[in-house]
Structures are given as C-alpha cells and as structure tokens.
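J.: Take a look at the letters that make up each chain.
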Amino acid sequence: MLDSALELLRLQTEGELTAVEIARRSVEAIQASQPTHNAYTHFDPDAVLAAAEAVDKKRASGQPLGALAGVPVAVKDVLCTADMPTTCSSEMLRNFRPPYDATVVEKLRAADAVLVGKTNMDEFAMGASTETSAFGLTRNPWNTECTPGGSSGGAAAAVAAQTAPLSLGTDTGGSIRQPSAFCGVTGLKPTYGRVSRYGLVAFASSLDQVGPIAWTAKECALLLDTIAGFERRDSTSLDRPVPDHLAATESNDLRGMRIGVLRDAMEVDGIAESVRAAVTHAIGVFAELGAEIVDVKLPHDEYWVPTYYVIAPSEASSNLSRYDGAHYGHRASEDAADLVSMYCRSRAEGFGAEVKRRIMVGTYALSEGYADQYYNKALKVRRLIRGDFDAAFEHTDLLLGPVTPTPPFSLGEKIDDPIQMYLCDLFTVGANLAGVPAISLPGGFDPSGLPVGIQLQAPTLQESRLLSAAAAFQSATDFHTKRPKQ
Amino acid sequence: MAQLPTTTIIGLEVHVQLKTATKLFCGCSTKFGSPPNTQVCPVCLGLPGALPVINEHAIELAVRAGLALNCSIPPMTKWDRKQYFYPDLPKGYQISQFDLPICADGALEITDPANPDAKRHLGIIRAHLEEDAGKSMHDEVAGRADSRIDLNRCGTPLLEIVSEPDMRTSEEAIAYLTKLKEMMVHLGVSDCEMQEGSLRVDANVNLHIDRHGERIETPIVEVKNMNSFRNVAAALAHEVERQYSEWDEKGYTRQTHGKRTFGWDDVKQITYPQREKEESADYRYFPCPDLLPIRLPAERIEAIRKSLGETPEEARQRLESHYSIKVYDADVIVSQGRAMIEYFEVVASKSGDGKRASAWIQQDVMRTLKEQGGDIESFAVNAPQLGELLAKVSSGELTNDRAQDVFKHLLQHGDGIDDAIKALGIESVDDSQMEDLVRSLLTANPKIVEDVRGGNDKAVGALIGQAKKKNPNAMPQKVREIALKLINGA
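Chains as they are written, first to last, in our numbering: chain A, 1 to 486; chain B, 487 to 976.
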C-alpha cells in the first residue's frame, strides 16, 4: 500500500483513504521495520499523525491542497529540518537542531507532504554502505545480511521496506543511485543546480545534489517537480524554467532516441555477471521500445574515481572545518587546556574514522606545495571529464550502463578496506563531476534474488528525457514491481 | 656608536569596511554597536547547510574604490576560501579573494610631506573583497579566563587595499592614509571610522641600512591593531628604532629571520611580538564552490566610472573658489564626504554667504551630528531650511543668537522656520520702539553717556546686553547705532 504516491493521492481524492489513515500505516510500517532495518535516525509518531491530521482538515475545509498532500515522505538526515534533529548520522551533530528548514523541506511542507522521519546515512554522506553512521548500520530489506548501499542507505531502505512511498536522498558521488540499485528502487540525481542546496549540510559543495527515491521513475518525477527550481539563496542553483517532469513520463515512445551504451564499463575487472546481464537485457528492452543503440566511450573514465577522491575530500575538509566545538555540535566534555586542544579533542571525539580520513586527504591535497599536484590537477581533469560527456551527447541522447560493479555486498565486507569501498563509485561519480543528471533503475536480480540496477545519464537539464526513457523501460519490465519479503 | 644611514621601507594594508546596509553574503544589518549576536542569521553564523549570496552593492563599492585608486578591474574575478581555525570565524574559513582580486595595479598620488611642491606616486598592488570575522572578547575574572564571541560583525564586507612598499617615512604613510581615507569617504565607499573599526591599518616595515655601501635589510615586521593615524606614526617610529638596535645588538637581518607579526600597545607606546594564530600559515586557499565567479562587463565598469564624479581635490578647489571659503574650511567639509558637500552647497547658495554657511556647518551641524549620531542625509534641519535661516541673519532680520535659538528649536521640534520664529516669540522691533528703549537705558546709565562723550564709543557695548534683557528681539547693531546717535546728537 505504501509503495505508490500516485495511488495514495488518488485514494485520498476519491475519499477512500484519509491522510491520517495513510500516516498510521506508515507509522506502523516504520515501527515494524525499524528494529530490523534501522532506516531512520529520527521518527516521532505523534508528529507524523499531527501533520497528517492537518492535511485532512485542510481538505475538509475545501482549501487547495499541494501536489503531495497526505503522502508520507522520508528525508535523509543531511537536510535541515527545524522541527527535527539534523545529525548527518554523526556524533558531532547528535543533538543538533537547525533553526531553519532546508529549501527542499520547505517545498515538501508547502506541497502538504507528511514528513515521516529522518533517514540514516553514512556519516556526513561519506561512504557507500551506511555502515559509518553513528546511529548504527542500516540493513538491506532484501537481505538483512547485506548493506543497503550508501550514503543514502536509510532513504533507499525506507522505500524498499515500504515505510514511505517517497524519500529524499542526496548524491555527491552516487549516494542516491547506488543505494537505489541495492534496494531495488528508482533514484534520480538531478543536474547540478536543478535543486537548491540551501539547507543541505555540505559534503562536497560542487558535487552535492538532492534528489528523489521511489519505486518508479514516474514517482521520482512527481517528487522532482516539487523540489526543483532556482532559488536565490543558492547561488549555484540554475535560473531556468522547470518543465513538468511528471507529464513527460506519459509517453513510452522512444523512437528516434539514440542511447549510447558504455561498453567499457561492462568489461572492467571484477564486474559481476548479474550486472553485465542486467545492462545487456536493458539494451534489448530499449531497442524494442524503438531506441537506436550505439556504443559510446568516455575516454577519461579511468580518472573518475581518482579525480573524485581528490576534489570531494578537499571540499569536505573545508566544509567540515566549522565543526570545531566552539559554537554548536559536540564539544570535548573535559576542560581542555587551551583552545587548540579543545578543537582537537572535540573533532577527535565527534568525527568517525571515514570522515577523519577524508578530512586528512583533503587537507593534504589543498596544502601549499601539494595543491598543484593534487587539487588543481584534479580540477583540470574534471574539465576533461566534462568534455567527454559533452562530446558523447553530441551524437547520443542518453547513456546506458551499470550503476555498481556488483549486487549488494555483505555487511562488514568492505568497511575496513576504503579502496574497495571507493570503487563502489566507479560508474556513478562521472555524473557528479560533469554535473549531468543520472538515474538508477531496477534492472534485474542476481541468482540469490538481490536487486541489480541499471543507470541512464542525460545531458544537463534533460531530466524529462531521462525520466521518460526510464518510465518507458518500466512500462516494459516488472523489476520495479517486485518487493522484498516482509 | 654613530648610527649608519638607513632608509625605512613601509607598505600598508588597509581594511575599509564597505558602507553597505547589509552584510557581504546575507541580509543581516551592518549597524555598529548593537547588543552582541543580535545581527546574525544561519548564513553569517556558518550554520550547517547555509549558503552565501553576494551583495551586489559591495561589488559596486569595491569597483568605485578601485577606479578611484587607478586600478584595473578584471572582467572576471572570483571568491576563494582562506582556512584557519579561530572562534570568531564560525565557518572555519573566511571567504576572500586570492589570485584574482577585484582591483589590481593602482596608485595613489600624495603631496610629498618633505616638499609641498612635489608629488609622490605610491603604488597599490591590489584591493580585494572579503568578509570580516566576529569579535572575541577575553574576560579574565577571578583567575578564570572567560571568552565571549560577538558575531554581529561577522560577514561584514571589507575591502583590503594593499600598497607597494613605496613609503619611506611615517609622514608619507600618514599622508597616504589621510588621502585614502578622504577618498573612500568622499566616494561613499566607507565611513572610515577608526574607533568603530571601519578603517584598520596593518603596516609592514623594515630598514635598509647602508653600511659603507653595503645594503643590509632588517627582518620585515607587520604591525597590527593600530586604531589611529597617530598610533601608526608612533608604531612606525618605534619600529625604526627597535629594528636598528635589534640589528645592531643581535645582528638580525632578513636573511636570518622571516616576517613576524607585532601588535601595538597604545598604553606603553611600544610594539610587541604577537603569538601567531598558526605556527605556519598555510591557508589552503581554493575557489569557494558555493559562489559563482563575478563577471564585470566593460559597460558596467564604465557606468561606475562615470558615476564617480569629481575627486576630493577637485571638490575642494571648487568650494574654495566658488564660495570664497578658506582652504582649511573647504577641507573640513570635503573630508565629511559627498553628502556634506551637497548640504554645504545648498546652504551656501540659499543663504548667499559661503563663509557663514561653512561656520554654521562646522560648528552647529557637525557638533550636533557628533553628539547625536546619524548622518547628514537624515539630519533634522535640512539644507534648504538652514539656508533660509542663515539668509535671515545675512539680511539682518535675525541676530546670530536668535538664529541659534531657531536652529535648536528646529532640531527639537522639526517645525518650519516660520513656526519656530513664532513659537519663540521672535518679531522685528520697529525703530521708534527701539529709540524709546535706548533712551530709557541712557537715562539709567549716565556713566556710559559720559564715556562716549569722552571719545570711547565702545562703551555703548554694555547697553546691548541690557537691551536684550528688556527685549530679546533687540538687534545689537541697532542698539549701538541709536545709542550713538542719541548721545552724540543730543
């Protein structure tokens, strides 16, 4: 029941369900799922029901309702909420309550959505397994011995466990798409600047983007329509009209569309057969839908991960300087001898190992004498990578390939091996470096029944094209209709 | 031992606070002196998730300053983060400009303090925009150090103007600062109130010692925290002596010692080494990913150039010749900025007396502004009103004293001049009334009559006060005239 936002909207309009009834089911589902999956960091049943009640009252009094009226939405705990804690799953912000709502949260409230809670994540969005959270790891609803992916693992698991039909994630290097693939749901990283970052706690500012997670591309479009658009408070948001993405998903006709297949990605070392099979199958589906299939190369793809792992930690080392114990957040409890030891102890206690690792890498990459060799060089390579995408999109409309090299891996498998963990981002960081939109779709299952995703990438601001192709794929396949056993 | 010949090398870094209503990256007020932490928001507090948005007015003011300082303004400039930890810097970095400042390669010409007929051309390396930090207040009560942070100032726009090390004497440094300050005030770029910290000076200084043809350079010292031009001069003088003896006694040179940071102790009148914020300052500058580069098309720069108007020098000359006031007086008015010049011009033309206008503005208007705060644009007595009032003094309709009363009334009540005159009971006294009054006074003061007859006309002065006591509207000039006429004619 809690797997289709569009269905919930229809049932309310037809008077068959109230927002409170929906919220109650969502609350029950969260209560049932939470002990096992731990998808949420914050959940207040009374507040959820009160919000739903307000929507019902609004409807009863005949006031106009927003596009997501009465629909439960889970929000990644990296987005500021004035009425809930915003922790980034870090000890540093365990008790932090922002005095304001992120723009996307404001927009959800304005659309009359019911915010059901904050979802678990890798600490400060750094990780690919949700194992670095200070609030305990999240488990994959398809197999609780597996990770849900990360960093938006809680957001993807919340949808997969059917606690809410929609959730908001954030994607800096694949953090929406990889967990969506692992949890068998659909997740979109919009064009950089399509959605305001105001109130998104920064990890790597030039890469971060907020995006929707749902079972279907259509419902991702519905949520994107609510959150997209220029905002003055984010100077990097794009002042461009927002098309009706939901309407764009109505057409299943892909005739004339050129889809470029990233063949090289399918041949990399260590890629799972189930992943290759899912992409191969998808090529067939798109061809049948009328698309023209061509092969495409992105010549600098081998530099994506190294480039990303210089730029993202560099920005992170700067963005995370503000957590020093002086103004808010964790402060070392004992009396520190002086200011510097207060800083050092607060940060040593407040941050986990992965966050510290990235701060150190980033600090090093920006240091005098090293910046040219690392950070500035990475910026140059980033320009080449962008150029590759531009060139590819000159003769293709979309790019098709894998999301991750493997199906969901086991909990604990990679947590002590940062390099293996970083390689989870092999196919996803390119879209962040180039700023283009990309979507992860359910594309099959491995022999053990674990979900496998496929990825589509589009030119800047072509979310409508991306979502319409994804919806067409979902009209011809049933992977997105499968549910984990409860 | 006789001192060897030395040359002092001085370069100045001046921070001016730009005169914007709101901060550089958020909508908080830049007003000075409010209770701590009342002018803050998520952006200037550096809260997680908050993002900066450029204040276009700050860009405009920076370009104005740059053009006036003969700088080139690049078509594209950008923002960089300068990173260090300090409690008054809540983000852990300052948004500043590193390699592409908004203004570069300028110069300021001053009159050579050693030769009034010569000019000195002082280079300006760059001027860049940055956000100010907050203020730390250290309070040591009962043996326990207690630090408090006020973030009201955090995010206030600053323009840091860096000169070439072109100054050779503290007099030149002061002349440079005076001219720079005058220009910034005149252009409306900054208030340059040193007491409020809206103009701050750091001086880089060292010596070139000529030891029989060999040049020895002493280590460069940057002196911070000087809150008046007098202190800048005193600090430079102190450094010159200190650096010479340090070289003389310990042999310190630029080769043996790197740049150091000193503070200025206003009470002891000495410079002292400051503890560095970081052992080695690696600020790890990188482009701020939250802000787009600033593009300044040539048309926009030209439009700002056209709006600059006359320089302070030109304004001074014009006031001097056009309104026949003294150089000194023109200087005082020009140094108050363009709004004051405009105010003066209206008062001077309306009253028809530049000298009187200048005197009133310097004494009454500026004193009131100083006492009550506020600026001339919103002053309770506007320029046409003051002009009208002074015109009445020029025509003899009002005495200077009565005009003062009217002025005070206007300040308090904000009425029109005619209402003020009525309220104060001021009316003109006709000649026959005056004659009656003076005659009665002469009868009561035979001594004065005698003195005047004895050739001392000045003796009538004593009557003026008495006349005014009996009738506050009595005009001193009239009293004098009538008294002399009555005494000498009788």
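Treat the hints with care, as some may be off.
Below 30 angstroms or equal to it, Euclidean Cα-Cα: the simulated DSSO-like pairs (lysine-lysine) are [to be verified]:
1. B:Lys944 with B:Lys878
2. A:Lys380 with B:Lys564
3. A:Lys380 with B:Lys568
4. A:Lys377 with B:Lys955
5. B:Lys517 with B:Lys665
6. B:Lys944 with B:Lys955
7. A:Lys377 with A:Lys356
8. A:Lys377 with B:Lys568
9. B:Lys944 with B:Lys908
10. B:Lys564 with B:Lys836
11. B:Lys621 with B:Lys710
12. A:Lys356 with B:Lys944
13. B:Lys956 with B:Lys944
14. A:Lys356 with A:Lys380
15. B:Lys754 with B:Lys621
Just so you know, the hints here were simulated from the structure itself, not pulled from any lab data.
J.: A separate judgement is required for each hint: does it hold in the structure or not?
T.: Here's how the hints hold up against the structure:
1. With a CA separation close to 26 angstroms, the supplied pair Lys944 of chain B and Lys878 of chain B stays within the 30 angstroms bound.
2. Between the alpha carbons of Lys380 of chain A and Lys564 of chain B the distance comes to roughly 17 angstroms, so the proposed pair stays at or under 30 angstroms and holds.
3. About 21 angstroms separates the Cα atoms of Lys380 of chain A and Lys568 of chain B, which keeps this hinted pair within 30 angstroms; it holds.
4. This hinted pair does not check out: Lys377 of chain A and Lys955 of chain B have alpha carbons roughly 87 angstroms apart, beyond 30 angstroms.
5. Note on Lys517 of chain B and Lys665 of chain B: the hinted pairing holds, with a Cα-Cα distance of about 25 angstroms set against a maximum of 30 angstroms.
6. With a CA separation close to 19 angstroms, the supplied pair Lys944 of chain B and Lys955 of chain B stays within the 30 angstroms bound.
7. This hinted pair checks out: Lys377 of chain A and Lys356 of chain A have alpha carbons roughly 23 angstroms apart, not beyond 30 angstroms.
8. Distance check on the hinted pair: Lys377 of chain A and Lys568 of chain B sit about 19 angstroms apart at the alpha-carbon level, within 30 angstroms; holds.
9. Proximity of Lys944 of chain B to Lys908 of chain B is assessed by CA-CA distance (about 33 angstroms); at most 30 angstroms being required, the pair is judged violated.
10. Restraint check: the Cα-Cα separation between Lys564 of chain B and Lys836 of chain B comes to about 48 angstroms, which exceeds 30 angstroms; the hinted pair is violated.
11. At roughly 15 angstroms between alpha-carbon atoms, Lys621 of chain B and Lys710 of chain B fall within 30 angstroms of each other, so this suggested pair holds.
12. A C-alpha spacing of about 90 angstroms is found between Lys356 of chain A and Lys944 of chain B, which places the hinted pair above 30 angstroms, so the restraint is violated.
13. In summary, the hint linking Lys956 of chain B to Lys944 of chain B is supported, as the alpha carbons are separated by about 21 angstroms, within the 30 angstroms threshold.
14. With a C-alpha separation of about 26 angstroms, the suggested pairing of Lys356 of chain A with Lys380 of chain A holds against the 30 angstroms cut-off.
15. Restraint check: the Cα-Cα separation between Lys754 of chain B and Lys621 of chain B comes to about 23 angstroms, which is no more than 30 angstroms; the hinted pair holds.
In summary, the structure is inconsistent with hints 4, 9, 10, 12 from the numbered list given earlier, while agreeing with the others.
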